[in-house]
Every structure is written in structure tokens, then in C-alpha cells.
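**Student:** Residues per chain, in single letters:
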Amino acid sequence: MIEIDTVSKVFTGRGAPFTALDEVSVTIRENEFFTLLGPSGCGKTTLLRVIAGFIAPTSGTLTLEGQNLVSLPPYRRPVNTVFQSYALFPHMTVAQNIAFGLEMLNKPRAEVKATVDEMLALVRMTEMAGRKTSEISGGQQQRVALARALAPRPKVLLLDEPLSALDFKLRKDMQLELKRLQSETGITFVFVTHDQEEALTMSDRIAVMNAGKIRQIGGPRDIYDHPAERFVADFIGDTNFLAVELLSVEGDQARVRLASGAEAQVRAPQDGMAPGSVTLAVRPEHASPGPVEGATLAGALENIVYFGTDTHFHVMLDDGTRFVLRQQNQPDQAQTHRTGDRVGVILSPGVGQVLRD
Amino acid sequence: MSDGTDLTPRSRWLLLSPALAVLLFAASGPLLIVVIYSFLASGDYGGVVWHFSPDAWFSVVLERDFFTEQLGFADAHLSIFWRSIKLSFMTAVLTFIFGFPTAYFIATRPKEKRDFWMLLIMIPFWTNLLIRTFAIMELIRAEGTVNSALMALGIIDEPIQMLFTEFSILLGMAYVYLPLMVLPIYASMERFDFSLVEAGYDLYATRWQVLRRVIFPLVKPGVIAGSILVFVPSLGAYVTPRVLGGGKQLMLGNLIELQFGAGRNWPLGAALSLTLLAIVMVALILYVRAAGDDEVRHG
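Sequence lines, in order, name chains A and B. All residue numbers for the first sequence refer to this note's numbering, where the first residue is 1 and numbers rise by one. All residue numbers for the second sequence refer to this note's numbering, where the first residue is 1 and numbers rise by one.
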């Protein structure tokens, strides 16, 4: 649907030129909740603004359903944006804000009215139609911004960290709300966030970005369970990194030798890797504490941190690497390990991921 | 604590007294004198004769024909009223046309550069008004810079008469009062959230529609303030029409001065001053009401 092909953006101002986007290529599919995830300054917002038309790419092409977008000004692109600051028009009521895009498209009056009513109902703001935007809460402003951007029925809705200004509880509600709106309207959503949890819970697919490049694209499960490289593994969720020796690769399966001398069956990137020293990523919940005998790795238990739903065990491995284990808590669970104990680390079979650097 | 309720009546009056003194002696007092003078008869060599006479008020708009003794409208006065209102209105429009884009330009510069641009706007303001007016005169007189340049380029064969016309007064007033338009518009624009412009573009509004539907309504208070700040002093302008109008194109300020000087008709001067005040007040009420209605309709 949206084809982004080797798009680059170099900002030249005073000082050194800054490459915000470095030959980014990605295809966003129809009716997809697509998330651009990355730390601040990674280029995700720049990419969103290139799609919206506020920034012209330095090079590369951008098409929507085969139509070239680069030459179109923002007001001719069938794309709407939910801004981080909402950017609601303060001199208009809620209803007037929602009607704005439709009026600019010269829709007949009756259609504008009907669509505005429909949108107000969609975001559950019907009672607030006549309020000024300064007279409603942040969460309500968020809904109005959504309704305003959805009202002209864009082919793509761009969302620029729209939930970052909301408090925790409201953010959780809005995450579900956004997901509902996306499936009800069938519009493609392109969502920008730096919050990995938000990305994992809402997205159909995620593009993880860093330093102007897309590092990995995949479903939430793919990205979480099989990060392709160290940055992705580190940025999304908690990860333990182990220096290991790659012995052999077959398809996406690999055999590695750990620092302890034990061998393990793990996963590797599809594109093949040469044997040698590599990094293995293991999620904290994919390993459990156990007896030292027969364990893959062993070390001293430095710290036990209770989190309510689960408990974290911080282990200093024999080779000096710190390793965190996470175990879900059960009621009436006996506390079997103590700080200072020597414990074994038992890796669940086949769960580690060999990383490209 | 600071609501003043715990002050004794005496200390309250004491604290108010400077403001009251200014109001009494600098505003109400002189105004009262002007009102009283307008109802007195004029002395032969200036000044007033202390008996009641409504003559001055009649002669603001009416005059007796010198030969036929027929009462008619004072065409000279009325044309000066009309010229004053017309030129002041045109000055406000002209300063808006040039001031709005200027304010927009400055407000959209990087923050650290804006002060520099505002300084450029303010510098002429620090120069003596008379000097600036004579500078305009030098530019547009028959042998002045503009005419010489146009003739040297062969665009015109003989100088264009620009000085001592309504055009020259308009030019002078627009030049002098431009900062008064730019400043309040700039003040509203600086507070303006430019992400709203992006939101406008995003929602299919063209440049013109964004200007009309998003930017203008939000900086309108600045435009209203600027228009008032330009219109009111223009209406009473004295130096600019005096110098650039050359005594041929009088405005209200000049007419009033004439009554206290060569005309030796202080009561008429006083009545004309009050007429000017009335015109300003009526104009402001009409303007603010019109602007307010607009707000209700679009807001």
C-alpha cells in the first residue's frame, strides 16, 4: 500500500549535516497497524513527517497505492495525522474541529454533519460536541484529535506518539481504544512510539529503527522472540547477552558453546552466519534458577527482587557476566534461594537467539 | 491579603491619591476646561469671553454665508472630517497590509533572531518624528530621490506631484505608525502555536485557507489592537499632515490648531476637539462591536 523505497533525509543547517533517514525501505500493507519504534532521534518521526508531506525526502521514492506522494503537498495527500501535541484548533468547538477537514474537501453540508456525528459517536464524545477544546480533558482532546483525523476517511492515519502526554491508566485505555478504532474503520495506521510495550501490545507489525535505519521489521512476537541484532534485543524488553562460540548453523537453528563449556541448541538469523565468536541473547523469562549440578550455567546469586507478579534473580556468572532470571510467582511458593547462594541457570530448550552485530 | 479589605478607608484613599491626582489634573480637569470653553464666546484677540454661547458648536458643522446670511453646512469642516476619517482608515488598512506579513515573518524566524528583527522595526521609532517626516518629504518632493531616479531611468518625463497631496499624508502616517501595527500582531503571533498550521495543511487546507481559517482568527486580537493603535492617533495627527500636506490638505489636528492660532476662535477649537473625541469613540465602539460579532459567528 505505502511503498517507501530507499528514502533518505539529510538535514543541512549550520554545523555538520545530519542524516535523519538513511536509505529506508519498507512496505506498509493495507489495513495494518504498523508501528515505527525506536529511541528519540532514530528518525521515526522524520519518516512519519515524510509520509505526511511536512518534510521532503532528500532522495528516494514514496508511493501510496502506486501514486507518487513526494510531489504532492500535504493538503493533497489522502493521509491524516494525529499530532503529539494534538494541535486542536483552539478557536473552534469539538464539532468544528472534526468538521474542518471535511469542509476543506468541500463536502456537502449534510454529509459533513452526518460524518461529524458519526465520528463523535465513534470516539464517544457526542455530549462534548459544543465544547471548546480548552474545556475538555487531555484524554478527551486525544479523542477529538483522533476523530478529526479520521473524519475525512484518510487511506492512512499517521499517529505521532499520541499517547505520550496521557497518564498511565488513560494510556492503557487509549491503547485498546486505538486498536478498536483501527479494526472498526479498516484504515491503515502508522504509529510512532518509543514505548516498546505500547508497540508490542498494539501492532500488527513493528519496524525497529535506530540511527536513521530500520534495523528489523516483523510481528511483535518475531521481534521479541527473535531479535536479529543486539540493538533490537536490547531496546525491546530485557535481555541477557552472553559471549558464545557459534559451532554450526542449519537453517534458523544453531549450535553454540557457552562460556561454561556446555553446548546448547539455539536460533540464528535466517541469512546465515559464519562460525566464530558471537553474542547470544536470552530473555530473563526463558531461563530459571535451579541446582548447580546439570545446569547450563552457574554463578552467585547477587540479588532477589520481588515484583508482585514475578521475581527477578540477579546472578553473577562464573565468567563475570551478569545474568537476570525472571520467574513468575505462584501462591504459597516456598523461597528456595537466598542471596549469596550458588545457583545454576537452566535455559529452556531452544530459546536463545544468536545476534548479528 | 492583597485584596485591600484589611486597609483602613484612610490608607486606601492615600494609596489611591497619586492615580486620582493624575486622573483629576491630567485627564478630567483639562477635558472639563475644553467642554466649558466650547460653550463660551470667542474673544477678538483669542481667548474666551465668559458668557454662554452655543455658537462654537453650530459652526462645527454649519456656517452662515458671508453675503446672503443663509445658514448652510460648513463644507470646509465636513471635508476635513471626511478626509481625516478616510486617511486614518486607509492608514490602518495600509499598515495592516504591510504589518501583518512583517509580523508573520518575524514570528517565524528562529527565536534568537526575532529580537534583531524587532529592533530594526523599532529603530525609526527612536528618531524624532519631525526628522522622519522631513525625510519622507525629501524622498517624494519634485526634485527628490524618487522623482530623480524615475526621470533618470526615463520612466517619466516630468516629476510626479506626490508632495502636498493626500497620498503624501497617507504615506507619512503609514510609515510613522507601522510599528504600532506590527508590535501587537507580532505579540499574538509569537504565542501562536505553529503546529496548528501543519494540522491545517494536513486536513486539506491550502495556504490561503490556513491563513484565513487558522492563523487569522487566532491573531485577530493583535490585529484589532494594532488597528486601534494606528487609527486613533492618525485621526488626531498634526505634524505629518502639516508637513506633508503643506497646509493644503488639512486634517482635524491642523483645523483645531488653526482655531487656537491664526483663527482666534478658541471655543470652536474646543468644540472641534470634542468632536474628534466623539468620532474616535463612535469608531471604536463600531469597530469593537463588529469584531466581537465576528468572533461569535466564527468562534
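Warning: the hint list may mix true and false statements.
[Unchecked claim] Chain A regions said to be covered by chain B (calculated; three or more residues, Cβ under 8 Å):
{"hint": "1", "segment": "62–69"}
{"hint": "2", "segment": "181–193"}
[What the hints assert, rightly or not] Residues from chain B that keep clear of chain A, each with C-beta distances beyond 10 Å, as calculated:
{"hint": "3", "residue": "Thr8"}
{"hint": "4", "residue": "Ile155"}
{"hint": "5", "residue": "Glu166"}
{"hint": "6", "residue": "Asp202"}
[Unchecked claim] A few chain A positions that, by computed beta-carbon distances, are all more than 12 Å from chain B:
{"hint": "7", "residue": "Gln196"}
{"hint": "8", "residue": "Asp234"}
{"hint": "9", "residue": "Gly290"}
Hints were generated in silico from the structure; no laboratory data involved. This one's a predicted model, so the numbers in the text were calculated from it and none came from an experiment. Glycine included, C-beta positions come from ideal geometry on N, C-alpha and C.
**Student:** Please go over all the hints and tell whether each is borne out by the structure.
**Tutor:** Going through the hints against the structure:
| no. | hint | result |
| --- | --- | --- |
| 1 | 62–69 | violated (count 0) |
| 2 | 181–193 | violated (count 0) |
| 3 | Thr8 | holds, 41 Å |
| 4 | Ile155 | holds, 39 Å |
| 5 | Glu166 | holds, 37 Å |
| 6 | Asp202 | violated, 5 Å |
| 7 | Gln196 | holds, 26 Å |
| 8 | Asp234 | holds, 33 Å |
| 9 | Gly290 | holds, 55 Å |
Consistency note: the structure conflicts with the earlier hints numbered 1, 2, 6.
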